[in-house]
Amino acid sequence: MSTSPTTFALSKPSGREGIPNGVLEYFRTRNRLRVFSLVQREFEKQNITQSELAARLNKGTDRVCHLLGAPGNWTLDTVSDLLFAMSGAEVDYETRYPLDQMARNMSAPDWLIKLETGQKNITSIGLVDTHQVAVAQPANAAMTIGNVVLTPQPR
Amino acid sequence: MPPWSSTREDRRHSSLRALFDAFTDGSYVTIAEDPYDKHARAILARVDPIAEEIWDFRCLDPNPGIRAFGCFSETDTFIALTWDYRENIDDWPGEVDLCKKEWKGFSAISHPTKGRS
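Chains as they are written, first to last, in the working numbering: chain S, -14 to 140; chain U, 961 to 1077.
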């Protein structure tokens, strides 16, 4: 099975070379989900209800329920409002450089590794065809897997 | 997969990959358990019929995004088996059948896992 540090095989910006929109989109989505997780963790930590949070924000419960459901249209102000209303918190900003980090040692469940030997249509990594096998598992799960994306040959 | 270009398709591919990476990083992923009553921006949603235990990762940006269908082989391990651009998906039962067919290739597992993470 092919594995590779696909995420951080991205090139670090340099010189005047334009960054493809696809790369920008990856980091935008990643950023939205990171902020979303930050807010959700704070919400869980504070053990308050959506109703209480809505009252503090002078909004309807439906609106707060919608906001906490997904980070789709959040702005910086949304994040500020939610965190402060939850616990008087604010975001602690710092920069990090994910492209400088070592790639995770990608692996897969044992059964998938065994399966590959008997299933020759799993050949390469890539979101390039109409069929895809992706194996994803949280890094903190009992079995460390990182992430693996396998693309079968076209049928 | 990278390298991604500036095309609309590649923007969708990279956004889907970011969702997968968020999942593997242990980030919060919004779940919709009811196929007919879900948050418009839920990231992972169960597909009707729910007894089949087929889920789709919903890449929504750029609209209309991509849907990647698959199953949980075990707790916290998602196998994405098929995918397509959202605008190409109109036969949802057909997508379920296709996903089930792909799942059968994984003979090591008899049935998708269900239950909480």
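Among these hints, one or two may not hold up.
Result set (BS3-like, lysine-lysine): computed pairs, CA atoms no more than 27 Å apart in a straight line [as the list claims (entries may be wrong)]:
id : chain 1 : residue 1 : chain 2 : residue 2
1  : S       : K30       : U       : K998
2  : U       : K1074     : U       : K1061
3  : U       : K998      : U       : K1061
4  : U       : K998      : U       : K1060
5  : U       : K1074     : U       : K1064
6  : U       : K998      : S       : K44
To be clear, the hints were calculated from the coordinates, so they are not data collected in a lab.
Taking the hints in turn, this is what the structure says about them:
1. S:K30 <-> U:K998: Between K30 (chain S) and K998 (chain U) the Cα gap is close to 25 Å, so the pair holds against 27 Å.
2. U:K1074 <-> U:K1061: holds, 18 Å
3. U:K998 <-> U:K1061: holds, 26 Å
4. U:K998 <-> U:K1060: holds, 23 Å
5. U:K1074 <-> U:K1064: Status holds; Cα separation ~17 Å.
6. U:K998 <-> S:K44: holds, 21 Å
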